[in-house]
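Based on the sequences and whatever the hints tell you, model everything.
Chains A and B are the protein sequences, given in the same order. Numbered as in our numbering, the first sequence ends at 108 without a single skipped number. Numbered as in our numbering, the second sequence ends at 450 without a single skipped number.
Be a bit skeptical, because a hint or two may be false.
As the list claims (entries may be wrong) - Chain B side only, calculated, beta carbon under 8 Å to chain A, not exhaustive: (1) 49; (2) 179; (3) 191; (4) 288; (5) 296; (6) 297; (7) 333; (8) 334; (9) 376; (10) 443; (11) 445; (12) 448.
Calculated from the structure, these hints are not laboratory results. Beta carbons: idealized from backbone N, C-alpha and C, even for Gly.
Listed below, chain by chain, are the residues.
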Amino acid sequence: MRIVCPFCGERELGEFTYLGDAKPRRPAADAGEEAVYDYVYLRDNIAGPMSEHWYHGGGCRAWLKVTRNTLTHEISAVVPAAGAGAAKVDA
Amino acid sequence: MKYSIFSLARAALSGHKNWQRTWRDASPKDRYDVVIIGGGGHGLATAWFLASEFGIRNVAVLEKGWIGSGNAGRNTTIIRSNYGLPGNTGFYELSMKLWERMEQDLNYNSMVSQRGVINLYHSDAQRDAYARRGNTMRINGIDAELLDLAAVRKMMPFLNFDNARFPVQGGLLQRRGGTARHDAVVWGYAHAASALGVDIIQNCEVTGFTRDTNGKVTGVDTSRGRIGAGKVGMAVAGFSSRVAAMAGLRLPIESHVLQAFVSEAIKPLLPNVMTFGAGHFYVSQSDKGGLVFGGDIDGYNSYAQRGNLPVMEDVCEGGMALIPMIGRVRLLRQWGGIMDMSMDGTPIIDKSPVEGLYLNAGWCYGGFKATPGSGLVFAHLIARDEAHKEAARFRLDRFQRGAMIDEKGQGAQPNLH
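Following this line, the structure appears as structure tokens:
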């Protein structure tokens, strides 16, 4: 598995660190315990294409949003995560 | 079929041509009292305990492939009970005691070998942590010995003791730990369960649950037709989230890939199961002579049953750091299995929020050693509708209650457990 970083080009997997599913959003401060439990602990655990956050620690140190199929490891899209210098690559 | 020295002699006289099949490959009936989804070690053990301990014999085990084709055949066959946290300590020791009598219980040679499990330590802090864990084990009646450097040197003179960064200082040894033959564990439970009337149904993939108007599970839809059930238990390891989703549940689980490796066969080298305390590497030697080893999960969600090269490199580097001479040994095979990584690294054995559906999930990469214990406590839960006392803390709602059992102390990040 290799990831094509929008800033650095194609790089080997060892340069990247995984965070996980990009979908969960931190609930508002007053959202209640149920919403926090859902955000922290529950997962869709998708079998198929999944949007996820990776960190390019061995390269540009940008957070990336990678669309990857968890059944095949095929990567279909890599874009900078919000706020990670997205403007530099017109993303 | 009962195995003994006499059955062996009888079969030998006829050139070993008249061995009978050890278990019955059944076709599904319309209805069972209990249906277990998953024909791995845990599912088959559960069925056997239901039949032998709890008198429930109208049981089916549904397996989408062939029995033992999932993680039961993909692990590194280690058994041990060297845990330190309440909840884990008692449960894994229960399982260890069941390993010690498994062959007599099942009338099947599962090749349980109590060759010892040693965790090496490489710093004063790590020694103190291991001493604490060893003391916890001993207080709970489990064997543990803290070995100093001289004792480890005597036991394994071939280690790289003088590694500049991570010198070996000693190890925590559990002599009763060891290995078992994983396929024989599956076949043994199949053999014994089948003899008590359990139907083992292969090539039967569950595609959905049937529910009554109150939402209670009344059976399963499968690739071999609809099967009614009084109760349904799931023991499907890395596929827990997918099966639970068919009942509308989301679980505190991520599926990750874990790799394992076997080298070519060499002469007897390793006396026990050993873990490197300063890197991701653990190893034992199979009876065929191959070094069976592994490390950490790859670290990203996956259902692909194969891993990637960085982890392979990392594991082999760990091996080289500890036992430099294995650099001359060739790697023979490598594979991956899908782990149901829970949010605290500890399993979930509990009723699900859906009536009639019972969960046995979240084993992370520690499921094999738990096989007999898991079978017993899961059968107890299904039969009596209450948790076995040694599994009372493996509850699904523990994350909401703040009662996590986080043996590694890593927090809710599954790829760190």
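Checked hints:
1. 49: 42 Å, violated
2. 179: 35 Å, violated
3. 191: Interface hint status for residue 191(B): violated (29 Å vs cutoff 8 Å).
4. 288: Where the cut-off is 8 Å and the nearest Cβ of chain A is about 6 Å from residue 288(B), the hint holds.
5. 296: This interface hint is violated because 23 Å lies over the 8 Å limit.
6. 297: At 26 Å from the nearest chain A Cβ, residue 297(B) fails the 8 Å test, so the hint is violated.
7. 333: 4 Å, holds
8. 334: For residue 334(B), the interface hint holds, since the closest Cβ of chain A sits about 5 Å away, which is under 8 Å.
9. 376: 5 Å, holds
10. 443: 14 Å, violated
11. 445: 5 Å, holds
12. 448: 6 Å, holds
Figure legend: structure checked against the earlier numbered hints; hints not met, in rising order: 1, 2, 3, 5, 6 and 10.
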